[in-house]
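Since the structure of chain Z is provided, determine the placement of chains S, L and C on it from the hints.
There are 4 protein chains.
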Amino acid sequence: MIIQFENEINEVQKEAILNRIKGLKYKPTEVKTQKGNYLIGIGKKDFDIRSIGAMPGIKDIHIVSDDYKLVSRKWKVNPTTIDLGNGVMIEEGGFQVMAGPCSIEGEDQIRKTIAHLKEQGVSIMRGGVYKPRSSPYSFRGMGNEGLKLWYELAQEAGIKIITEVMQVSQIQEMDPYVDIYQVGARNTQNFNLLDELGKNTDKPVMIKRGISGTIDELLYSAEYVFSAGNERLLLCERGIRTYENATRNTMDLNAIAVLKEKTHLPVIADPSHGIGIRHHVAPIALASIMAGADGVIFEIHEKPEEAFSDGQQTLNFAESARLINQLNQTFALRKSFNQA
Amino acid sequence: MIIQFENEINEVQKEAILNRIKGLKYKPTEVKTQKGNYLIGIGKKDFDIRSIGAMPGIKDIHIVSDDYKLVSRKWKVNPTTIDLGNGVMIEEGGFQVMAGPCSIEGEDQIRKTIAHLKEQGVSIMRGGVYKPRSSPYSFRGMGNEGLKLWYELAQEAGIKIITEVMQVSQIQEMDPYVDIYQVGARNTQNFNLLDELGKNTDKPVMIKRGISGTIDELLYSAEYVFSAGNERLLLCERGIRTYENATRNTMDLNAIAVLKEKTHLPVIADPSHGIGIRHHVAPIALASIMAGADGVIFEIHEKPEEAFSDGQQTLNFAESARLINQLNQTFALRKSFNQA
Amino acid sequence: MIIQFENEINEVQKEAILNRIKGLKYKPTEVKTQKGNYLIGIGKKDFDIRSIGAMPGIKDIHIVSDDYKLVSRKWKVNPTTIDLGNGVMIEEGGFQVMAGPCSIEGEDQIRKTIAHLKEQGVSIMRGGVYKPRSSPYSFRGMGNEGLKLWYELAQEAGIKIITEVMQVSQIQEMDPYVDIYQVGARNTQNFNLLDELGKNTDKPVMIKRGISGTIDELLYSAEYVFSAGNERLLLCERGIRTYENATRNTMDLNAIAVLKEKTHLPVIADPSHGIGIRHHVAPIALASIMAGADGVIFEIHEKPEEAFSDGQQTLNFAESARLINQLNQTFALRKSFNQA
Amino acid sequence: MIIQFENEINEVQKEAILNRIKGLKYKPTEVKTQKGNYLIGIGKKDFDIRSIGAMPGIKDIHIVSDDYKLVSRKWKVNPTTIDLGNGVMIEEGGFQVMAGPCSIEGEDQIRKTIAHLKEQGVSIMRGGVYKPRSSPYSFRGMGNEGLKLWYELAQEAGIKIITEVMQVSQIQEMDPYVDIYQVGARNTQNFNLLDELGKNTDKPVMIKRGISGTIDELLYSAEYVFSAGNERLLLCERGIRTYENATRNTMDLNAIAVLKEKTHLPVIADPSHGIGIRHHVAPIALASIMAGADGVIFEIHEKPEEAFSDGQQTLNFAESARLINQLNQTFALRKSFNQA
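Residue numbers (the numbering used here), protein chains in the order written: chain Z, 1 to 340; chain S, 1 to 340; chain L, 1 to 340; chain C, 1 to 340.
Isolated chain Z (complex conformation) (with noise of 0.2 Å):
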């Protein structure tokens, strides 16, 4: 059961109530997010929840059979918006592009891609500078000096930011410089990490999907972080691993289709790592968004075969202006079917 407490509840009602809810042998776990104070409670007893409901304190309650419970779309019906400022929402019924490098390499690299996207009418710009890779022999981004000379540009061009968080170190002082923070596929389990972008930022985060997670994991990943205080949070399908093995990953569109169903968080689509051959990303960005994204995050470099990393996967500003006018045109198809 999720219970939301009234603003003005005094500890006397608080106690009152766990009290109740331990009674029933749920195991309470108090929540308090920026945006109000909630108590979970887990267990299997049924019980009258009118007569929980109307004890003192309690703004509402509601029973959610899910095993997360404020990502649940039962709990919350209506879609959570990101807003990031100056107009710029994620939200369902809207749809947002975010594009760029996969490594940010240097200034001249940023302002191309800014450029690039101010002409597109793109508002957000992804781009690593903390770089998870397999070997350790292998580039690993330009750190927070990379993230703030980006920062500098794209705020003068009124650009957001989405970039990798990899430590619980980094966000200190990741923090004035991101407008979202990504967890990557490598860590979407890694609880500590999800914890503090729950305790410690009021930024967005985005959580990619595990490199083989299930969907309820993706969920619960998020219940971590909206638990531990964070409720701005967005869900990336990027593909998974299967055997097959002639594309990177298996992008995985009934995920979405899912997802949407499921909670009431914003879906984003990763067709570069979802596919990972420059000419089918296209299609499958396209894809994307009949299958029910808000959004859809890809890889662009001016010339993708001198990229630092992913080149194969990435397009060029011809490319991508070229699927930007696509999606758009297919957003508003999408639209038109649900407005019918």
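Think of the hints as simulated: they come from the structure by calculation, not from any bench.
If you're wondering where the values come from, they're calculated on a predicted model, not measured in any experiment.
Fair warning: there could be bad hints in the mix.
Put simply, identical chains are the same to the list, so a pair is met inside one copy or across any two.
Stated by the list, open to error - Restricting the straight-line Cα-Cα distance to at most 20 Å, the calculated cross-link-like pairs of lysine to aspartate or glutamate (EDC-like) are: (1) K335 x E319; (2) K44 x E306; (3) K112 x D310; (4) K27 x E306; (5) K27 x E156; (6) K27 x D310; (7) K14 x D48; (8) K25 x E305.
Below, chains S, L and C without anything else, positioned relative to chain Z:
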């Protein structure tokens, strides 16, 4: 390599060509299809293609680096068109809907389905009369009697029939009543069945990807039918088996994009099996168009909850009508992209 | 439920039982095998087993909660023994080695293999005369002529034959020359083939697990053969398809432990296909004994590097001799554990 | 390539070597571990190894064709021995059992477990004080207080401790009380954690294979720790995620055979997580020895049904005693094979 013989090639010429091929340590296989005579050479050595191409009796010769040959787009750049007669074509640049019940259940059901399809402008009806079932105690279909009944009604209405063939011995009896044979996911590598569908029918064959088949294995299976004589082939992506069990299968839309590049054969999407959840069939069907499919096949029933099989993934007629309308609009949009 | 009929049951009694079963809303299927007459009832309702069990004509009745019935150990607690004649038995508590080439290639190869097996005290030889191959251009086996030749030599030497049957039409011609039919991984769900192996032979059938088949699907496939009349069945774990491609398949030894609990049928391990790398076959073969296998089947060849197929996973005779010796010692140790 | 420097190398010599490496277009990384100083060169060009090997300051140089370098058996043929002191060694040719509860729960549980291990001659106890859990509402472990308590009791009894570290900030506080750090399956690619375990401790680290990690990724993860300074590493196979859900994971014993060939590091098997079903843990544990494991780690509890976590896969003390006895006999048999 693939050599296409001249129609008027004589035995002496053929003998000379065969000797030359063997001299290169290439293993030759003669292929006689309903459309042409070919020689497939399997080997590794480099050779001067012109010296062979100039031999009398050869219409053309191609080096095909793929392991499959006759189904490769490296050999045949122009897409294959499947002409079912009466103006019903399955082809790149067009879009065909195939819909119908999982199992053919009886006359009333067939009539109602046909009426619905006519109303929606759909020309191809799917349905099973031989059902592969995991348990021997489940309903296994109405058999050839059901097929005959269906054929009469469909014929009358100008509707084409696609239905699954499960074994060699069924081909002869089914042949007069079938417009397209379907090879199911459990039979994708039933090589004897593939061979016979190459030799003993000139009806088109749609091969579904194996339950955990690779893209290459699907192409090889098509190569079996083609090299046994039947060029009229379609491929079908119907979801693969992965660790994710929130959905029945994992629809692999990547495979559609990849197949459209690798082969000249039409590619069909089966969202019903691909996701297996009724209210998610439509978004995946629409997504498959954007991924590049030349058609979709999905399950419908007047009353899905009463269907003999697969009710949980079957659309009712209202849902079907709505989806078909959206498919048409989505295909029109994709077509406009390709022409831009 | 499974009802075993008395041998002398009459039609009136049978009718009465059938009516009672239908009255419970159970779907009845009569099963007549080479050993007994059964009635399988599929349904959900609780009922008093004694009230049916007391009806005339019933030998015994069991409730089997598994979805498969006749192959379940919940029905038949005692393990099934496969008696091949001349004292060659496959059974729980014993251990059988089956070894031989991937493909039967000719007389010399057969003679040498038989000589090796005799020397090592092995009684069952494997070999393929019909080869399922991904590509239509690969060697597809010597066919029934090869089988007859092999049979003569094996017969002479007192060696039993296990070989793959690929299609219904082969059963009749192969039957005189086969001691155990093998159903390959690509045919595990070829239900027509399974049906016919139930109806048209009394030779034992070893069913390999599908390429990505579940344990339950394997049991269902065995249920097909059993319910069609043939109780002489063996199951074989041969590795499954996963994302890991350092090995040909992922040998699932868990499945052996699980199968030994779920079914009364013998379970055989195929380490050659399970790992697919010659110098790793032995450790996996030995491991499979500890996991509970009742036998192993592996590929050997006088000169693996010259084998027509699967050379990379085939042991030479010296390696084979060494492995067989270790298998015997390992089985003896496992047996001592079970008796302790 | 891997260059091992002489201990007395001077800066001029090192500079010359670095320049030569860069001249070959190899990317050099200096590695300083607790045991030696190395230079790793990543590149593709062929070169004459002797011309570099003869340079002053170089002890030896090897070409390592694997993508991982320092953990490769192509570089270091002799197996790595992990010496825990007091005669407790983990090494090829020996066999170590590690057993204990999933979660450390309190003093009584620790005492009883230690008593059981002492009785069975086991020297290493496993247990979790920081627990990664899918749901934020589950028990997350006793933390460092639990570890200190455990350490005191274990120390007294001469028992070594292996326990999971989940994040960088825990290393310092855990370090005095840990004999082996375990990196869990969800953290196999937590590269920052791996880096810090290389730099900030000289305690051995056992890295579990990722939930769907490849064998190569596991080796790369070990390369991270090694190249950051800590050579005392163990690898652990604990089952992978596949489509089969009759078992918790699919224990990949192939991986043990393959790892023993590819790396000089000891390989441990975890049958508890590998199959996840209590009464099947023993056969899989025994099988893992035959596959080549240098040790096993499994979960035990006085009363598994009351364990805080993982009870369904935990052995009681009687089962544990029986298994340890069988493990010892099985290892003795395997050893006799290797010496034969």
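A quick look at each hint next to the structure:
In this homomeric assembly, K335 and E319 come within 20 Å of each other (Cα to Cα) only across copies, at 18 Å, whereas the closest approach inside a single copy is 24 Å. Proximity of K44 and E306 under a CA criterion of 20 Å is satisfied inter-copy only: 18 Å between copies versus 56 Å inside one chain copy. For the homomeric pair K112 and D310, the shortest alpha-carbon distance inside one copy (18 Å) is at most 20 Å, but the shortest distance between copies (52 Å) is not. Only between protomers do K27 and E306 lie at most 20 Å apart by alpha-carbon distance; the minimum there is 17 Å, versus 54 Å within a single protomer.
For the homomeric pair K27 and E156, neither the shortest alpha-carbon distance inside one copy (49 Å) nor that between copies (36 Å) is at most 20 Å. For a Cα distance limit of 20 Å, the shortest separation of K27 from D310 across copies, 19 Å, qualifies, whereas the shortest one inside one copy, 46 Å, does not. For the homomeric pair K14 and D48, the shortest alpha-carbon distance inside one copy (19 Å) is at most 20 Å, but the shortest distance between copies (52 Å) is not. For a Cα distance limit of 20 Å, the shortest separation of K25 from E305 across copies, 19 Å, qualifies, whereas the shortest one inside one copy, 60 Å, does not.
Comparing the model with each numbered hint stated earlier shows that hint 5 is the single one that does not hold.
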